[in-house]
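Engineer: Sequence:
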Amino acid sequence: MVNEPSPPPLLSIVVPVYGVEAYLYQCLESIRADIPAGEADAVEIIAVDDASPDRCGEMLRSYAGGRTGIRTVHLTTNVGLGLARNAGLDEATGRYVWFVDSDDWLPPGTIPTVLDRLRQHEPDVLMLDHLRVHEDGRREVDASSHLLRDTSGVVRLADAPHLLRVQHTAWNKVVRRAFMDELGLRFFPGWYEDIPFSHPLLIGAEKISVLDQVCYLYRQGRQGAITSTRSGRHFDAFDQYERLMDWVRRRHPDEGLQTELFQLMINHYLVVVGNDDRLHPHLRRPFFARVAQHYRRYLPPGGYPVPGGVAGLKHRLVGRNDYRAYAALRQAHRVAGRLRRTGSGGDPAGTSADDGATGRAARDDTTGGSVRDDVLVGRGVS
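Each residue of the sequence shown is one higher than the last, beginning at 1 in UniProt numbering.
Don't take each hint at face value.
Unchecked claim - Here are the simulated distance ranges between beta carbons:
no., residue 1, residue 2, range
1, Pro-253, Ala-40, 42 to 52 Å
2, Gln-120, Glu-58, 39 to 49 Å
3, Pro-189, Arg-119, 46 to 56 Å
4, Gly-184, Pro-5, 41 to 51 Å
5, His-282, Ser-152, 22 to 32 Å
6, Ser-152, Pro-36, 39 to 49 Å
7, Arg-222, Gln-120, 45 to 55 Å
8, Arg-67, Ala-178, 48 to 58 Å
9, Pro-301, Pro-36, 35 to 45 Å
I should point out that these hints are in silico values taken from the structure, not numbers from a laboratory. Quick reminder that beta carbons are idealized off the backbone N, C-alpha and C, glycines included.
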């Protein structure tokens, strides 16, 4: 009698690994220990050693050697997060794929909840909520999490366009593998690799399910994280947004969609250019100039809702490519921030704490600064 082959797992969890020996075991154990009894065949873990310079490769061999349900891939050269995810995806056999970063971890009860929702709704994309966890143990809700609470059941993006403003990472989405392949989506090299991956998933999905439950713990403040690393590689964001915007123009020439993505793109750029932790001062002017180029290149023909207040002023300065005025505004906010912290003065007219007085992001770059009060309609150029 010929034995029938085992059915493929429902879920493949791909974990790219680089320079995280202090966090790796916590990540892997949070996944493995959460798989319910009797569901071992439903989940596979694929860990990709991206030629990590520390002990991660050795740790993976030891961890996988004594356990079932986990496979490892060891790359001989470092390829970066996006291509390491692709390497894991090539090995994945599950109907659904979830990319989990190796310095983060899952709270107890996540895996059974995710499996139940996948079986219940059979979505193209399952969106998950998360918490930010700081090195001192503090946990905070992401600024975009409330957008998940506004959605229930199974939807399309046309019915819930606010989902575009949820943090656009790969790790807050579980994706049906066949759907991903239909779109031809893979990760590109470089930083900000989630940009041309995450948005097309939502745009192309016929069935989006939202799980309004914290299923992911996102570590903050780790040394080496790109959000706290000064580097010229932040310029990679321009290539990634070009891939996204050009893809949307080719496949979904809907001006409303392009307008929404344009606003998210400019807001994201403004967070990066104003953040002391990301750009060295001598890179700020050329980065701003690139932002202005993309503003002109992708400005919707019918204009877009310009934010009110200082945020809107920044948009207008980008539209005019007026770096000198932007730098003066930024410096004024830094001074105002110091005065507020020392109690030496009030809030200048038209400013707020969310406008980035200290030059640091009040929210993560990927939320796009979605709060828009006092919206004005225009082309963003005065």
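Engineer: If a hint holds in the structure, say so; if it doesn't, say that too.
Structural biologist: Verification of the hints:
1. Pro-253 to Ala-40: 42 to 52 Å: Given about 46 Å between the Cβ atoms, the range holds.
2. Gln-120 to Glu-58: 39 to 49 Å: For Gln-120 and Glu-58 the Cβ distance comes to about 40 Å; the hint holds.
3. Pro-189 to Arg-119: 46 to 56 Å: Once the Cβ atoms are compared, 35 Å apart, the range 46 to 56 Å for Arg-119 and Pro-189 is violated.
4. Gly-184 to Pro-5: 41 to 51 Å: violated (28 Å)
5. His-282 to Ser-152: 22 to 32 Å: Distance hint for His-282, Ser-152 is violated at roughly 48 Å.
6. Ser-152 to Pro-36: 39 to 49 Å: This hint is violated: roughly 25 Å between Cβ atoms.
7. Arg-222 to Gln-120: 45 to 55 Å: violated (35 Å)
8. Arg-67 to Ala-178: 48 to 58 Å: At roughly 28 Å between Cβ atoms, Ala-178 and Arg-67 fall outside 48 to 58 Å, so the hint is violated.
9. Pro-301 to Pro-36: 35 to 45 Å: violated (52 Å)
In terms of the numbered hints stated before, the structure departs from hints 3, 4, 5, 6, 7, 8 and 9, listed from lowest to highest.
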